[in-house]
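Engineer: Letter by letter, the chains look like this.
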Amino acid sequence: LAKTTQPISMDSYEGQEVNITCSHNNIATNDYITWYQQFPSQGPRFIIQGYKTKVTNEVASLFIPADRKSSTLSLPRVSLSDTAVYYCLVGAYSGNTPLVFGKGTRLSVIA
Amino acid sequence: GAVVSQHPSWVICKSGTSVKIECRSLDFQATTMFWYRQFPKQSLMLMATSNEGSKATYEQGVEKDKFLINHASLTLSTLTVTSAHPEDSSFYICSARARGLAGVTYEQYFGPGTRLTVT
Numbered sequence: 001l002a003k004t005t006q007p008i009s010m011d012s013y014e015g016q017e018v019n020i021t022c023s024h025n026n027i028a029t030n031d032y033i034t035w036y037q038q039f040p041s042q043g044p045r046f047i048i049q050g051y052k053t054k055v056t057n058e059v060a061s062l063f064i065p066a067d068r069k070s071s072t073l074s075l076p077r078v079s080l081s082d083t084a085v086y087y088c089l090v091g092a093y094s095g096n097t098p099l100v101f102g103k104g105t106r107l108s109v110i111a
Numbered sequence: 112g113a114v115v116s117q118h119p120s121w122v123i124c125k126s127g128t129s130v131k132i133e134c135r136s137l138d139f140q141a142t143t144m145f146w147y148r149q150f151p152k153q154s155l156m157l158m159a160t161s162n163e164g165s166k167a168t169y170e171q172g173v174e175k176d177k178f179l180i181n182h183a184s185l186t187l188s189t190l191t192v193t194s195a196h197p198e199d200s201s202f203y204i205c206s207a208r209a210r211g212l213a214g215v216t217y218e219q220y221f222g223p224g225t226r227l228t229v230t
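Chains A and B, in that order, give the protein sequences. Residues 1 to 111 (our numbering) make up the first sequence, in order. Residues 112 to 230 (our numbering) make up the second sequence, in order.
Worth double-checking, as some hints may not be accurate.
Stated by the list, open to error - Capping the alpha-carbon separation at 27 Å, the derived lysine-lysine pairs in DSS-like fashion look like this:
| # | chain 1 | residue 1 | chain 2 | residue 2 |
| --- | --- | --- | --- | --- |
| 1 | A | K103 | B | K125 |
| 2 | A | K54 | A | K3 |
| 3 | B | K152 | B | K177 |
| 4 | A | K69 | A | K52 |
| 5 | A | K3 | B | K131 |
| 6 | B | K152 | A | K103 |
No lab work stands behind these hints, which were simulated from the structure alone.
The following block holds chain B by itself, in its conformation from the complex (with noise of 0.2 Å):
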């Protein structure tokens, strides 16, 4: 089946510094990824839509200056954490659809999650 990683599981890093996630399709590619956020105990918020080659859309309230997203090729997607603080923290998970025809429907495929801890 399609596999989605993410890179790295988990990150700790300073408040003020910046954090890079990477999400790959290993065996298709994806011309849709999506970034989704969740908090302990919560459900999966999505915060944007990337397509290869486009600019990424935020969804409402999530500042695209402070969570950079780069869809560079049909199996990368990554997520930059801009001067990152505390309340950053959170479980991120990637998603990726892949390529079809006109009319056929595609599952989307999620990674494993990155769970970022800001000190």
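Just chain A, with the same shape it has in the complex (with noise of 0.2 Å):
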């Protein structure tokens, strides 16, 4: 399973653009790159998975490089509700294969 790394915390102004970088040196060529959101006392939930380029969705963009050995996931003019630790996750997503969190970074968002 290739490792992630991300910032352990970050902190935003509402209204600003976060991005979040992960990098995954070892990704396989079979990995998704996924990106889940976890409020406290609750599961995660997912935002956006990508393989290449960029994809965007209402909430989110994430940003793959050419040679996919990081993400960066790009939440648009962020408010105090995204205040939450975000996970970086690289995988198959077929068979008994897991997800496997790391660390995850913690957005806070101030007023």
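Since each chain sits alone in its own frame, please combine them into the complex, following the hints.
Structural biologist: Here it is as structure tokens:
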């Protein structure tokens, strides 16, 4: 399983764009990159998933360079409710291979 | 979207008793379910992987006789913490992966978690 490295914590003011970068140097050809959000005392919530280039949905964008050794989750105009822990996960989804969580990035949004 | 439920959402039990936590996939069939444990301010730690109708595969360091996992159907998995002790107090989260065709990727859907407190 590819190991991921992301900043332990980040602070941001409301209304700003937040970019969280994740390093995954030993990503495999079949691996996808997925980001989850977790609030205290709740299960993780799927945010976005991608394989290469750029993926955008209603809540975030995911940028993946050509070598796929890193990825950046971009949250546009964050609000206080975006304060949470964000996990970057890398892996294939088939069969019994589970998602293995790293330490995640604790994002604090300040008014 | 796919929904995974857990019951109970929180439970308090006395030391030495057993507690059962249910995990259900509400609108899809889950061939594989995973159980995680999370201590305060820490990340999720995988405990075991279970497939419907077969024995669970436990991660290193997780006692299979203490954490009994049963995946009796494609929509239900249970985790029983036997002879619970205060150090078993934690947040337990289940996750389910949908049945899919070969070569098709499916995300893991997570339940809301169960807070276990052992007194």
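Engineer: Taking 27 Å as the top limit, are the C-alpha atoms of A/K54 and A/K3 close enough?
Structural biologist: Satisfied, since the Cα-Cα distance of roughly 21 Å is no more than 27 Å.
Engineer: Below or equal to 27 Å on CA atoms is what counts here, so check B/K152 against A/K103.
Structural biologist: holds (10 Å)
Engineer: Need the status of pair A/K3, B/K131: alpha-carbon distance at most 27 Å?
Structural biologist: Status violated; Cα separation ~33 Å.
Engineer: Between A/K69 and A/K52, does the CA-CA distance stay at or below 27 Å?
Structural biologist: Satisfied, since the Cα-Cα distance of roughly 10 Å is no more than 27 Å.
Engineer: Assess, step by step, whether the Cα of B/K152 is no farther than 27 Å from the Cα of B/K177, and give holds or violated.
Structural biologist: holds (24 Å)
Engineer: Take the C-alpha atoms of A/K103 and B/K125, compute the straight-line distance between them, and say whether it is at most 27 Å.
Structural biologist: Not satisfied, since the Cα-Cα distance of roughly 31 Å exceeds 27 Å.
Of the numbered hints listed earlier, those contradicted by the structure are 1, 5.
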